[in-house]
Amino acid sequence: MLEHNDNVGKAMQEFNRARVLSAPIVISPDLEDLEEETVPEERDSTPSLLGWLDVSDLVEALIKHLESRLPEGQKLPTKMLALMKLLEAEGPGFAKKELITLTGGQDKDLIYQAHTGTTVLDTLREHYLKVGEDGMTKVVHRVAIFDSHGSITSVISQLDVMRFLLERADKLGGVLDATLEDLGMLAGKAPVQTVCAHEPCLLALQKILAAGVAGAAVVEAGTAGGATIANLSASDLRTVQPDHLSTLALPVAEFLALQHHTAYVGYSVHSAKAATHPFFSSRSSGSSSGSLAGASPRAGGSAEDNEAGQEAAGGGGAAGGTAEDVRLVTCTPGATLREVLVLLIINEVHRVYVVAPGGPPHAQAIITTTDVMRLLAGVW
1 MLEHNDNVGK
11 AMQEFNRARV
21 LSAPIVISPD
31 LEDLEEETVP
41 EERDSTPSLL
51 GWLDVSDLVE
61 ALIKHLESRL
71 PEGQKLPTKM
81 LALMKLLEAE
91 GPGFAKKELI
101 TLTGGQDKDL
111 IYQAHTGTTV
121 LDTLREHYLK
131 VGEDGMTKVV
141 HRVAIFDSHG
151 SITSVISQLD
161 VMRFLLERAD
171 KLGGVLDATL
181 EDLGMLAGKA
191 PVQTVCAHEP
201 CLLALQKILA
211 AGVAGAAVVE
221 AGTAGGATIA
231 NLSASDLRTV
241 QPDHLSTLAL
251 PVAEFLALQH
261 HTAYVGYSVH
271 SAKAATHPFF
281 SSRSSGSSSG
291 SLAGASPRAG
301 GSAEDNEAGQ
311 EAAGGGGAAG
321 GTAEDVRLVT
331 CTPGATLREV
341 LVLLIINEVH
351 RVYVVAPGGP
361 PHAQAIITTT
371 DVMRLLAGVW
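In UniProt numbering, the protein residues as written are 1 to 380.
To be clear, the hints were calculated from the coordinates, so they are not data collected in a lab.
Owing to the predicted nature of the structure, the values given are computational and were not obtained by experimental measurement.
Glycine included, every Cβ here is placed at the ideal spot set by N, Cα and C.
Among the hints, a few may not be true.
Using C-beta positions, here's what the derived DEER-type ranges look like [as the list claims (entries may be wrong)]: (1) Arg17 with Glu98: 15 to 23 Å; (2) Ala356 with Glu14: 34 to 42 Å; (3) Gly358 with Ile145: 39 to 47 Å; (4) Asp147 with Asp122: 16 to 24 Å; (5) Pro191 with His65: 43 to 51 Å; (6) Phe164 with Gln241: 15 to 23 Å.
Sequences and hints are given; from them, build the entire structure.
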């Protein structure tokens, strides 16, 4: 948990240390005592949860912070060096900002321990997929369970629910063995959000936030039809530390390579004969210098590998096959819901790209943990 008066830098360090993408922000007791409207007898039972901080919230706050330092009406620099210079100048100040000054943190819900006997179906409908006052479904990605004293006892994410469902597959009937096509999960899907592999990472993240999605397919502009080569989402930002914010100015592909201890070889892909991925190569298979011939000279760094030990399984797969590869988790339209659940859980991701069988991957659609919840909440 994070305190309301912790700063951004500490939050980033905690995300990296705990290998998480979000954490609850709790309000300190001394500040609670200042709330005169709360009667003393009820003060102990007042929930201490102030909000929820996600890596995406930090990115959005960083963008707003940088924009506030520019002349009115001016946008963030589109050139890497100019953006890097701005990040180096303003990053330290941003890292010192207190969390209570940041906006966001609404992607959460609460359940009292007294209500933990609620069925999974009711929890999906009333908490993860709750209907707002405007009649629109508000998706929640995690639920906090707290006791009568306001202390959070546990946090349940959408992936936790996926694990729970797969462990009880026998309770779901035949739905898990139906294909995505048969279940209608691909019908009416919005176009896949994409970002270019060569645009600055921070600008790509800005597009993702503006689109209201959690991630985007990274497209290699130099390939026929723009092949999907990776995924960019909050999980790729977990290991970024306060003094390394300038790395967000790197092109998306190079940023991903840096975070995953690989080298980006897309600029000279045909000369990288040893690469197991057509655009990224594991450093462990390269030369003693840590990269293959033709790799970008900026690919490098010492960020922790945030995806250790995870590989794809079932009907889809991840690009490459080692813990250091930049993964693209995919399936085909003929994959079963069970296979998709396995991919989500084993890879610890929240989305699987649907691609046509054979040939370079071109993302046709995305299946998310929220999609699975929507389906099951309707068929139970």
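Here is what the structure says about each hint:
no., hint, verdict
1, Arg17 with Glu98: 15 to 23 Å, "holds, 20 Å"
2, Ala356 with Glu14: 34 to 42 Å, "holds, 41 Å"
3, Gly358 with Ile145: 39 to 47 Å, "holds, 45 Å"
4, Asp147 with Asp122: 16 to 24 Å, "holds, 20 Å"
5, Pro191 with His65: 43 to 51 Å, "violated, 31 Å"
6, Phe164 with Gln241: 15 to 23 Å, "violated, 33 Å"
When held up to the earlier numbered hints, the structure conflicts with 5, 6 and fits the remainder.
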